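Keeping the supplied structure of chain Y fixed, place chains C and Z upon it in accordance with the hints.
Protein chains in written order, with our numbering: chain Y, 1 to 439; chain C, 1 to 509; chain Z, 1 to 401.
None of these hints come from the bench; they were simulated from the model.
Please read all numbers here as calculations on a predicted model, not as lab measurements.
In this text, a Cβ means the ideal position worked out from N, Cα and C, and glycines have one as well.
Errors might be hidden in some of the hints.
Said to hold, decoys possible - Straight-line distance between alpha carbons at most 20 Å, and here's what the computed EDC-like set of lysine to aspartate or glutamate pairs gives:
{"no.": "1", "chain 1": "Z", "residue 1": "Lys152", "chain 2": "Z", "residue 2": "Glu19"}
{"no.": "2", "chain 1": "Z", "residue 1": "Lys287", "chain 2": "C", "residue 2": "Glu107"}
{"no.": "3", "chain 1": "C", "residue 1": "Lys122", "chain 2": "C", "residue 2": "Asp136"}
{"no.": "4", "chain 1": "C", "residue 1": "Lys250", "chain 2": "C", "residue 2": "Asp465"}
{"no.": "5", "chain 1": "Y", "residue 1": "Lys389", "chain 2": "Z", "residue 2": "Asp210"}
{"no.": "6", "chain 1": "C", "residue 1": "Lys251", "chain 2": "C", "residue 2": "Asp77"}
{"no.": "7", "chain 1": "C", "residue 1": "Lys187", "chain 2": "C", "residue 2": "Glu169"}
{"no.": "8", "chain 1": "Z", "residue 1": "Lys287", "chain 2": "C", "residue 2": "Asp77"}
{"no.": "9", "chain 1": "Y", "residue 1": "Lys389", "chain 2": "Z", "residue 2": "Glu317"}
{"no.": "10", "chain 1": "C", "residue 1": "Lys202", "chain 2": "C", "residue 2": "Asp163"}
{"no.": "11", "chain 1": "C", "residue 1": "Lys366", "chain 2": "C", "residue 2": "Glu342"}
{"no.": "12", "chain 1": "C", "residue 1": "Lys202", "chain 2": "C", "residue 2": "Asp295"}
Stated by the list, open to error - Just a few of them, taken from the derived set where beta-carbon distance is under 7 Å, the chain Y residues facing chain Z:
{"no.": "13", "residue": "Leu64"}
{"no.": "14", "residue": "Thr66"}
{"no.": "15", "residue": "Ala203"}
{"no.": "16", "residue": "Ile207"}
{"no.": "17", "residue": "Ser221"}
{"no.": "18", "residue": "Tyr222"}
{"no.": "19", "residue": "Leu405"}
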Amino acid sequence: MSSEPGSGNGDRDTPPAPEPLAVDPTAYAPSVGERLAIYQRAGGIVTPVITAVFAFFMGGLVVLATGHNPWKVYKGIFTGSGLNWFFHVGNYSITIPGTDHHVWFWWNTSIQSNAAYNLQQTLLLTTTLILTGLAVAFAFRCGLFNIGGQGQYLIGVITGLWIGTSFPHMARGPHILLAIVVASVCGALWAAIAGFLKALTGAHEVITTIMLNWIAYWIGSYLFGQGGPLQNSTNASVPVSNTVVDSAKLPVFWGNPVLQGLHIGFFIAIGALVAFWFVLNRTTLGYEVRAVGFNPEAARYGGISVARNYVVAMAISGGFAGLAGVLDMLGYQYRFGVLDVQTSQLGFIGIAVALLGRNKAVGVALSALLFAALLYGTSSRSIDQTVLKPELAGNLTLMIQALVLLFVGADVLIIGLWQWRRRLLPGRLRRTRAVAGAD
Amino acid sequence: MDAAPVLELRGITKQFPGVLANDHVDFDLRLGEVHALLGENGAGKSTLMNILYGLYSADEGEIVVNGKTVAFSSPHDAIDQGIGMVHQHFMLIPVMTVTENIVLASEPTKGRVFLNYAGARKRVEEISQRFGFAIDPDARIQDITVGQQQRVEILKALYRDADILILDEPTAVLTPQEATELFAILKGLVAEGMSIIFISHKLNEVLEIADRITVLRRGKRIDTIKREGATEASLARSMVGREVLLRVDKKPAAPGETLMHVDDLRVFDDRGLEAVRGVSFDVRAAEIVGIAGVDGNGQTELIDALTGLRRPAGGRVEIEGHDLTNSNADAHLEAGLGHIPEDRQRRGLVLEFSLAENLVLHDYDKEPYSRFGTISPRRIVNRARKLLSDYDVRGGGPRTPASALSGGNQQKVVVAREVSRNPRVLIAAQPTRGLDVGAIEFVHRQLVAERDTGRGVLLVSLELDEILSLSDRILVIYEGRIVGEFSPDVTEQELGIAMTGGGRDEAAA
Amino acid sequence: MAATRAEPRTVWRGLTPTETASLGIVLGCLAFLLALPPITARAPWWPALAGIPAIGAGIWAITSGVKRLGWLAVAAGILGTVLGVLATNTSSSNLDYVVSWTPLFTAMLAFATPLTFAAIGGMFSERSGVVNIGLEGMMLTGAFFAVLGADKLGNWALGLLCALIAGGVAALIHAFVSIHLRADQIVSGTAINFLALGVTGYFFIQVYGDQGVPGSIPRVPTVNLSAVDGIPLIGPVFGHLNLMIWLTFVTLIVSYIVMFRTPIGLRIRSVGEHPRAADTVGISVYKIRYASVILSGMLAALGGAYLSIGFVGSFNENMTAGRGFIGLAALIFGNWRPFGAFAAALLFGFSTALSFRLAQPWGNSAVLFQALPYVLTLIAVAGVIGRSIPPAASGRPYRKQ
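Chain Y with its partners taken away, still in its complex shape (with noise of 0.2 Å):
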């Protein structure tokens, strides 16, 4: 197309570095999305473990502060999560459903397994935090920062117990469907609130989010509190709404269902992954909202409507947490509190994992499992306690978050380990990061 070599490439262009006062101050800074685009593209696998790891060693150091033993403590966290049973490989059996059938299998799956239980536990947790994860992930990927994730999920334990607690003579199939269903819209439905002020008014989401995070917390002290109008009818002194009736369980099937077994919640919850990334990389949707959340403006010129696409991202996002109240409900709580709604941080733990996870539907799978293995792991019922008191393991869990949180932040930090990967960057990344390593 041009005849001089090498002036096709347009390489005299004004690199952005060495011009950088040419920079008009109140346009093009990074965007969330765009600097969540570096996370992503930076690091695959490696950097997300150097950060735990970095996380779990400076929680071993406190630990270790405070005259305990770090190995022991981490240790006993694992055994206590349940994951050393990947590790116990034996001749086992196990039952196919619906028959008698045995047919050997390598794993111990037996009620009578310690491990086995602790893994039941474990993974329950997992399919919540997945769920609030990806809440937290959708939102994300169109550029918003979804901190209403725990105001989302109470929304689905509200909405999600009301239907599970009424309707008793409802067939199962109906029952669990409706409540699912009912539950992830009104989630939706709370976060499509901040998605609407955004789109029409441009307030921040972080703002509108927590905002009604407080207010889903208050209305949940409200509901279930002494008098409220779902606190439970048989026991007026105990602020705790009524118990799930039998028709709405989700039906367990590994584990003692007496004991709190593993419900098939835990399907669901693989199936929103799958979902999350087929919507996001084979739809017309997902493209919209990922085009939306690296370039709003470019989306725009593109003839995609912004607005649109933030109230459906952050929809999508809150019917994610929404499931994932009501699962939680149907699955195994069965009931919910003035105290649960007070203490509960399901949703919070959700931006650890979905940063964590990169935003991405594998990342967020594996970071759930990790944050659910130190969450159950550091949990009274199954912490030793000459090791680590209870209580303080719970801290522990919540200062190793914390660290995540911090190093998952941090441009610098990543860049750095990136460049230590010694792979190249993409042309403009080098041009614009690199300067700051120039100085």
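Here is chains C and Z on its own, set in the frame of chain Y:
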């Protein structure tokens, strides 16, 4: 006039990763002169001046001010030595007043704790009267004109007792009339004993205002010459290193039917002011219509309305007879409009998307790329491969992220996308901004090719050269109205007059 | 070029539309107040008498162009009338209990104090361009370390000092990660919240274990001004305020002066609006941002310290329970200005105080009142009561070339 230099830069070298921005550059400035620093984008002019102003530190070389070698670690040091700089993009805080902006970081105080606003105001008024500026010290920056904002920037330097003033592309944002006023101010400053460095890439201005001219190319100083004896052609050759084709070869126009009809269009800008006030024109098949005007006279809002990104307050936009006045961007694209936007990185491309994904930005939801809401990556990639080869895009394949490409190639991708959709009308807004000469030639050739295949092209540009060389008809926009229609053999002078209101202002240059 | 709003020229009986609208707001409030103690008018037409003119004044103001205040007057008029009429239908004993102004005002000030400290801290940080979601965590840190310090060092002043240092350290982490590492400021702030929760909880159990905090830790004293006691209604309130509440007033005035009347305040604001411009005149963007963030942590910590050693006298895990967020909300509601934030904090404090007193007649439903601050902030952020505009460069990391 061969006085001792007040400023000398010796052997300045600055390396950025991948780019040698300044390569042993020597530069000197004499007392009372206007010394122009000329070069293309990326030649290193701004870098050199940023080093002088203390915003960067040079890797090698030294700075000598009035015979004393100095080292600057921050603008403060440069300011202390009497050096002031007016940046191309103003470093002014919109919500603060003129006075606050001027005294920032050198605030007068009452008792060392409180801000002495009244005292600051008085001093600002003193200085502006002394040099003949007419500025309201209590006005907010966001409420005054661009020309006035530039004067505030100059006042900032004067407030700090600068003797050396650096101006970085000062006329980029001014009308020709305001530019003339600026030159008068500069002459006044020189008469008061200041020395001025004037960075530009505009040959005609440099020839008008400068006493001496230094040309930089690719980080090296090519030449320093006196104004007498320099011509546009010789300067251009020094800047670029080869004979520059200042005009594009094209066949004469043979326009056909009307493709786009704009009638009495009215559009409001983001602040609620009327930016387009009743604009009417047509774009016919096989013609290039150029719209010339200084930045900020309604071009952006006009294009937004024509492409469906902004709803007009009145009037009509028709493409091939279909009324698209109140339709959104999608509808406009469907109706046969193509749009090469002003800022390819902000608006034209999603840099994190692959080239293939960028190439389907308008068509991702149509057959054959999409069915029942799902997307087929394979088909998208295949199409991309073809387009990338047809348009000779270098730097990556269909799956490369767009950010990896150079500016010229990125623009090629944008052009490829728009042109390959076979639009009836192509709107090109600043299509060659920030590109080097080779890429500019490519884009110009594409636009002419579009015209020759019978499409209509609307070119909106701030570069008069481009307008003059490409357009079959030239319209001038001023304060939201079309104030003149010209044929391509009009002179820049005439265009300049039209761009400032059609000769209503008294004696321009 | 300037988009100035022309002053409305119409005048009614010597009052401009703005003044009329303000009068309308006052009348609307009066409509409600008439039905409350100590006046306790029982006939429903009293509130209507004040409220309907309020609505009228508001409508007139709107048609004369003063929209924002006009709508506020209309809203005040409607709300005042409705609430006033409702109040006249409520039993007067309930009213007397709930609306006892002295305890309400005292509680309002007590609740507003931690919010105000957090909000002022947030103001410094945000106006310098760093979003600080971590105010909650910094407040909690202050609360715990104030108790720890006062207990182990035996003195409430030393306790406050410990709180300041701890808050400063927490803020330093946030500052380092946000400014130097250029991390996303929201993520960093959220991390600080979790970190504070974990650290304070961990060390609380480690140090105080099962017994909890001893009952006798030194507390910030109350300032007793007997001279003021005599003044009706507000006398008893101001006569026995905690020292830290007085400190709040001082902080407000000082922060206003610093931010808007000194060079350093100008520089902080410039860094928050246009850091590159500030950089080019030689201001150190990094230094200013660090200082502002650390200051914000210290102030938030003071708010938390008031909570623990000023008000409650003890510490529990997650004691702050969201007050840092309400403080942030107050800042936004108050348009990033100290007195605006204080007014918002008072409003939120009032609604919390009211919710506690309402618990008696209303029972569980009073809990919903606690959500009021958040609802109001949601409305404010959505721009219904005029847009809240943050500093232009807020939230964007700055890269110095």
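Here is what the structure says about each hint:
1. Z:Lys152 / Z:Glu19: Cα-Cα ~56 Å, so violated.
2. Z:Lys287 / C:Glu107: Holds - the C-alpha atoms of C:Glu107 and Z:Lys287 are around 18 Å apart, at most 20 Å.
3. C:Lys122 / C:Asp136: holds, 11 Å
4. C:Lys250 / C:Asp465: holds, 15 Å
5. Y:Lys389 / Z:Asp210: holds, 11 Å
6. C:Lys251 / C:Asp77: Not satisfied, since the Cα-Cα distance of roughly 57 Å exceeds 20 Å.
7. C:Lys187 / C:Glu169: holds, 17 Å
8. Z:Lys287 / C:Asp77: Holds - the C-alpha atoms of C:Asp77 and Z:Lys287 are around 18 Å apart, at most 20 Å.
9. Y:Lys389 / Z:Glu317: holds, 16 Å
10. C:Lys202 / C:Asp163: violated, 25 Å
11. C:Lys366 / C:Glu342: violated, 26 Å
12. C:Lys202 / C:Asp295: It holds: about 16 Å lies between the C-alpha atoms, which stays within 20 Å.
13. Leu64: Hint on Y:Leu64: violated, closest Cβ of chain Z at ~13 Å, above 7 Å.
14. Thr66: holds, 6 Å
15. Ala203: Because about 5 Å separates Y:Ala203 from the closest Cβ in chain Z, which is inside the 7 Å limit, the hint holds.
16. Ile207: Check passed: Cβ of Y:Ile207 comes within 5 Å of chain Z, closer than 7 Å.
17. Ser221: holds, 5 Å
18. Tyr222: holds, 5 Å
19. Leu405: holds, 4 Å
Taken one by one, the earlier hints fail for this structure at numbers 1, 6, 10, 11, 13, listed in ascending order.
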